[in-house]
Structures are given as structure tokens and as C-alpha cells.
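Dock chains B, C and D against the given chain A, drawing on the hints supplied.
Number of protein chains: 4
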Amino acid sequence: MDQVMQRLRQFRDDRDWKQFHNPKDLAVALSIEAGELLEAFLWKAPEAANPEKVKEELADVLAYALLLSDAYGFDVQKIVLEKIERNEAKYPIDKARGSAKKYTEL
Amino acid sequence: MDQVMQRLRQFRDDRDWKQFHNPKDLAVALSIEAGELLEAFLWKAPEAANPEKVKEELADVLAYALLLSDAYGFDVQKIVLEKIERNEAKYPIDKARGSAKKYTEL
Amino acid sequence: MDQVMQRLRQFRDDRDWKQFHNPKDLAVALSIEAGELLEAFLWKAPEAANPEKVKEELADVLAYALLLSDAYGFDVQKIVLEKIERNEAKYPIDKARGSAKKYTEL
Amino acid sequence: MDQVMQRLRQFRDDRDWKQFHNPKDLAVALSIEAGELLEAFLWKAPEAANPEKVKEELADVLAYALLLSDAYGFDVQKIVLEKIERNEAKYPIDKARGSAKKYTEL
Numbered sequence: 001m002d003q004v005m006q007r008l009r010q011f012r013d014d015r016d017w018k019q020f021h022n023p024k025d026l027a028v029a030l031s032i033e034a035g036e037l038l039e040a041f042l043w044k045a046p047e048a049a050n051p052e053k054v055k056e057e058l059a060d061v062l063a064y065a066l067l068l069s070d071a072y073g074f075d076v077q078k079i080v081l082e083k084i085e086r087n088e089a090k091y092p093i094d095k096a097r098g099s100a101k102k103y104t105e106l
Numbered sequence: 001m002d003q004v005m006q007r008l009r010q011f012r013d014d015r016d017w018k019q020f021h022n023p024k025d026l027a028v029a030l031s032i033e034a035g036e037l038l039e040a041f042l043w044k045a046p047e048a049a050n051p052e053k054v055k056e057e058l059a060d061v062l063a064y065a066l067l068l069s070d071a072y073g074f075d076v077q078k079i080v081l082e083k084i085e086r087n088e089a090k091y092p093i094d095k096a097r098g099s100a101k102k103y104t105e106l
Numbered sequence: 001m002d003q004v005m006q007r008l009r010q011f012r013d014d015r016d017w018k019q020f021h022n023p024k025d026l027a028v029a030l031s032i033e034a035g036e037l038l039e040a041f042l043w044k045a046p047e048a049a050n051p052e053k054v055k056e057e058l059a060d061v062l063a064y065a066l067l068l069s070d071a072y073g074f075d076v077q078k079i080v081l082e083k084i085e086r087n088e089a090k091y092p093i094d095k096a097r098g099s100a101k102k103y104t105e106l
Numbered sequence: 001m002d003q004v005m006q007r008l009r010q011f012r013d014d015r016d017w018k019q020f021h022n023p024k025d026l027a028v029a030l031s032i033e034a035g036e037l038l039e040a041f042l043w044k045a046p047e048a049a050n051p052e053k054v055k056e057e058l059a060d061v062l063a064y065a066l067l068l069s070d071a072y073g074f075d076v077q078k079i080v081l082e083k084i085e086r087n088e089a090k091y092p093i094d095k096a097r098g099s100a101k102k103y104t105e106l
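Chains A, B, C and D are the protein sequences, given in the same order. For the first sequence, this note's numbering gives the first residue as 1, with consecutive numbering after it. For the second sequence, this note's numbering gives the first residue as 1, with consecutive numbering after it. For the third sequence, this note's numbering gives the first residue as 1, with consecutive numbering after it. For the fourth sequence, this note's numbering gives the first residue as 1, with consecutive numbering after it.
You can't tell identical chains apart in this list, so a pair holds if it fits in one copy or across any two.
Here are the simulated lysine-lysine pairs, DSS-like style, with alpha carbons at most 27 Å apart:
id : residue 1 : residue 2
1  : K18       : K101
2  : K44       : K95
3  : K53       : K95
4  : K90       : K78
5  : K55       : K83
6  : K101      : K53
7  : K18       : K102
8  : K83       : K44
9  : K55       : K18
Hints were generated in silico from the structure; no laboratory data involved.
If we strip away everything but chain A, and leave its shape as in the complex, we get (with noise of 0.2 Å):
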């Protein structure tokens, strides 16, 4: 993921942005491209969107995602990781098994 990363960098700092990327813009950003892969989905069955638009969109909210990340200096892995084993916790396996319940309700 560091070569994304550096990527990613160079990009905007090539384009002197910078000065637009601070965090809460980087999060109403990738909230916008969420909202852009759900419109793939809009008005169809679960299977049914075009993979080449889900694959653009979900490009873009990685991206953010990716940009947010650095922002912080958090590492995606780790935080990915990290928060898989809160969850482990929040829905022990005997409890959630087979049910689509959050984990307030189990």
C-alpha cells in the first residue's frame, strides 16, 4: 500500500492541494464518493450494478480513505486490523452466528 500512497502524494502535490486536504473535507469528499458507488446500485437487484462504475467509485472512496489515513498518520492495516478485533469482541461468534443483528441487539 506505500507505493499507492506515494502515489497518491504526488498527485495532489503535484496539483498543490494541499491546502485543500484538511480532514473534514477529506471525509465529506469520501462521503460524496460513497454516495456515488451507491447510485451504481440504485433501482436494482443486489448483483445486478455495472462492475466497471463499482470499480471507479470504490477507487475514489479508497482514495480518500487512503488520503484520510495519512492525514492522521494512521496505518490502514493496522487500523483495519485493530478494529477487527474490537469487533471480535462485539460479536462473539456462538451469538452472531447466522444473524444480521447489531451488535446492541444480540
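Frame of chain A, contents of chains B, C and D only:
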């Protein structure tokens, strides 16, 4: 990233959750988490979010982005690099430098 | 609001779109439009959005909110008034005055 | 709708919250609530959300949409009617009938 992907799949399969994880619901889940991430910034100055809250919500966004990529067999690093290339064409340095305008308005 | 609701229903039925307007997709559509609304504010100072863009996207958000209310038979004015009452209990004036904290943190 | 708007303003002013309610944060708040609304539908069939949860979250979306309209001096009924007119031009009945395609693809 392969190790993280492996842990996400195992977490899901230990709980028999693949049945819920169709692409549309994964995109919906990602969008919900993007909203929770935004909440860390609400009514606050651009840099004033609680980093721990940002870390947790960003990890959730990343987890769903990875699961959705996996559902389509995408390589996350590859799709982000491809998108950067496409954006290099949409935002030529000489036109985009120092400007926050969308490519359609450059 | 009844006249607006009537026009929305007619617009939909003239195009035979009720078949697509299940509650889940209406909520997805609303969320997409909320993202497009956010786009009017991206990389900008809090008051610097283009009001015409805000007006258009806000109208889309409202249209889907009204259609979703209608799908459940809700009276939009009544549900907002009820929510204000619930919020008056969650945010007592003496505790909430001048504070942007969430009720769970007051 | 005027009575609802009046109650929303009073709720806000009793708590001295106008200082937080700049247009950008109101749009962010609306987007967060749109995400909470989506949560009522997550991992579920299109009609299987809990109507009480939908009602509450939809009321929050509407409340922020009204406050944002008010910040710009928009008349909510007028802007929705205007948008319907614009959509009538973008989606002519003979082309759009029975189709879920976006106007750019019709």
C-alpha cells in the same frame, strides 16, 4: 493487504455472514460508515475531530471497501493506481494546479 | 405540502416508476442526493456554496424524503413535530444551551 | 410547513445553536442522518425495515433539510415544484416510461 483481507473473510465466515454480504448491501454499509465518519467532524473546525473516533470509523469504511472489492475480485492497489492515472488525464497539472474546481469546470 | 405530494406521485405514475420505488431504494436515492448536496460545499468555506446548486440538490433530497414518507403513510409535518418533542427531552435547554455535544455526552 | 419551521427555529434558538448551524455543517448533518436512515434497511429485504426507525430518521433528515432551506431563504414547496418541472423536461414521459435509467442514458 492480503493478510487483512484474509482476516476480514475469516471474521465474516466464522459468523456465517456471507449470506448478507451482497454487493448492494456492502455499498449501503460503506455509505452508513462514511456517515458515521462524518459525525466525527460535525459542528467542528476542520482539524478538530477526535482522532480515535476518526480511526474507528475509517477502519469500518476501509473494511467494507475491502469486502466489496473482494466480492468483485478487484485488487485494491491496482484499482486505485488505475484511477490515479485516469485522474491525471482529467486534471492536467497546468490547469488544475492550486484550483479546487471539478474537472468539468476547469 | 399536499399539492407537492400530489405532483410527485403524478410525476412518478406518469412514468410508471412505482415499480422501482421500494422503500430501500428510496432511502438509497435520498442518500445519493444528500451526497450531491454535500458536493456543493466541498473544499469550500462554510458559507461559500453556490446557492443554485444547493437549491437543486436540496429539492432532490426533499422529493425523496416526501416519497419515502408517502410509502409509509407518514404525515411529514407530524413526524417532524414529534421528533422535535423527543429532542426537547434529550436536549434539555439548561444542559444543551451553547453546546454542540451529542445528548449521550451532555 | 410554516408552523414546523417556526418550531425548528425556536428549538434551535432556545439552545443557542445558530452559531453551529452554518450551511456546510447543516448539509453534513443531513448526510449523517441519511446514513442513519439507510441503516434501517441494511441487510434487509426492500420492505423489511422497522417503520418506527424509518420514521425517526426520516424526521431528522427532514428537520435538517428544512433548516438548510431556511438558511438560504428557500420556500421548500416552491423548490420541489421547480425541480419537478425541470425533471419533466429531463425525463419525457415517452422516453422514461418504465425505465430506471438516468436521463443521461435515456
